[in-house]
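All chains should be built: construct the whole structure from the sequences, respecting the hints.
Letter by letter, the chains look like this.
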Amino acid sequence: MREVPLDWAYVAAFALLGSLLAALPFVVVWLLAPRSQYPQKRLTYESGVIPFGSAWAQFHVRYYLYGLVFLLFDIEVIFIYPWTVVLRQLGPLAFVEMLIFIVVLAVGLMYAWRKGALEWA
Amino acid sequence: MAEVIRIVLSVVIVFTFVAVGVALFLVLMERKVSAWVQARIGPRHVGPYGALQTVADLLKLLQKEHILPAGADRLMFAAAPVVVAVAALLSYVVLPWGPGVIVRDLGVGVLYFTSVLSLEVVGILTAGWASNNKYALLGGLRSAAQMVSYELPLGFSILTVATITGTLSTVRMVEAQPYPWYTYPSVIVAGLVFLVAATAESNRIPFDLPEAESELVAGYFSEYSPLRFALFQLGEYGSLFATSALFVTLFLGGWRGPFELPLVGPVVDGIFWFLLKTYAVVFFFMWVRWTYPRFRIDQLLNVSWKLLLPVSLANLLLAGLLIAGSG
Chain A
241 MREVPLDWAY VAAFALLGSL LAALPFVVVW LLAPRSQYPQ KRLTYESGVI PFGSAWAQFH
301 VRYYLYGLVF LLFDIEVIFI YPWTVVLRQL GPLAFVEMLI FIVVLAVGLM YAWRKGALEW
361 A
Chain B
2 MAEVIRIVLS VVIVFTFVAV GVALFLVLME RKVSAWVQAR IGPRHVGPYG ALQTVADLLK
62 LLQKEHILPA GADRLMFAAA PVVVAVAALL SYVVLPWGPG VIVRDLGVGV LYFTSVLSLE
122 VVGILTAGWA SNNKYALLGG LRSAAQMVSY ELPLGFSILT VATITGTLST VRMVEAQPYP
182 WYTYPSVIVA GLVFLVAATA ESNRIPFDLP EAESELVAGY FSEYSPLRFA LFQLGEYGSL
242 FATSALFVTL FLGGWRGPFE LPLVGPVVDG IFWFLLKTYA VVFFFMWVRW TYPRFRIDQL
302 LNVSWKLLLP VSLANLLLAG LLIAGSG
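Going down the list, the protein sequences come from chains A and B. Mapping to the numbering used here: the first sequence position 105 is 345, numbers consecutive. Mapping to the numbering used here: the second sequence position 176 is 177, numbers consecutive.
Derived from the structure by calculation, the hints contain no laboratory data. Be aware that a few hints might be false.
[To be verified] Derived DSS-like pairs: lysine-lysine, alpha-carbon spacing no greater than 25 Å straight-line:
1. Lys281/A x Lys61/B
2. Lys33/B x Lys61/B
3. Lys355/A x Lys61/B
Given the structure is predicted, the values throughout are model-derived calculations rather than measurements.
This is how it looks when you write it as structure tokens:
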């Protein structure tokens, strides 16, 4: 086998057999554990009172804002990974190019900061 | 054929190690360390010095009933703990245990490592959402916000080392490290940022907002009963060990020790030093956990976005400047 497909054969084996390993004890539980479910037992925990409404309600938009800013920087990180490997060969020019790229994104971060996207309130 | 045998063998060895040496042992270690910090004794009845306590716990968990909470999303609820556990297991593919002792030296090593570890947040968010419990949902959302925030400084500090060593492979990163220590100040800054971000990534105090027990019961796994709870524990401690091992690989010289052990040969020597250093880093994380109080969530996010992110970004550029100038 060639090198790179073999790399991912290892990863696939870990993923598949890992899921199997995670699923296997459930067979033991199925054999050993008692089973008796009634509506009161299945109530979700809400400090001892009967749960009020569904948990699938609206939640605050601030989580979404952090997600958006993260997405921007995560893509930036992906571009930097190959850059780190070849930087030594490409020299100063590659550094200047990455500097411009990062400065543009840093301006974006400062904009989000000024706009209050990074405030929890 | 030889490769198939090697794949199966490495899976068996690594999974056994993760189950015994990481999940069972680290839970016991956590309890002993917490007892030591709080001047208690800790578990001591099951086995010599309580050494079999977590084995007994596991046997108990196997006999407990599974409860599906009312109104929960059945499929997502069952899938979430498996995703968390498998994500942690996947990261062990690229850990270099010793010279030549690695499951597979992927060319994209550290990139692969960060991407599979960030899969964990998918499982946690799914768990929080699928439980149909308000505490769980809040825990899952906090976890998502926290883990994506700290992934960036973590990524930038890994990139700093990648820039200086000029490779993404974990093996070559260890080999490229000058002995005994880096002379670049950037690496020290990157190491400190990595330590803080790794604490947050593994949801540990002072960054354990997703499972803050005094406000959110148990956060995203409030509704999880025995075995699925155990899978979350496996994932949590599995990734704690993997992150500590990556810290050792990137910053502490990997498998290389201060002196060679007599008579055992380079492989055993390498594994010995690697495990010793990794467990020392794990101990450090536990020590911090039982010493410090918890951050508030706005403080937590400010540390990441307004301190660690600019610092690690500037640090990366500094390292790049040094390398581009010297190359």
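Each hint tested on the structure:
Our distance criterion of 25 Å between C-alpha atoms is met by Lys281/A and Lys61/B, whose separation comes to about 20 Å. In summary, the hint linking Lys33/B to Lys61/B is supported, as the alpha carbons are separated by about 20 Å, within the 25 Å threshold. Straight-line distance between C-alpha atoms of Lys355/A and Lys61/B comes to about 52 Å, which puts the hinted pair past the 25 Å bound.
Violated hints amount to a single one, hint 3; each of the other numbered hints is respected by the structure.
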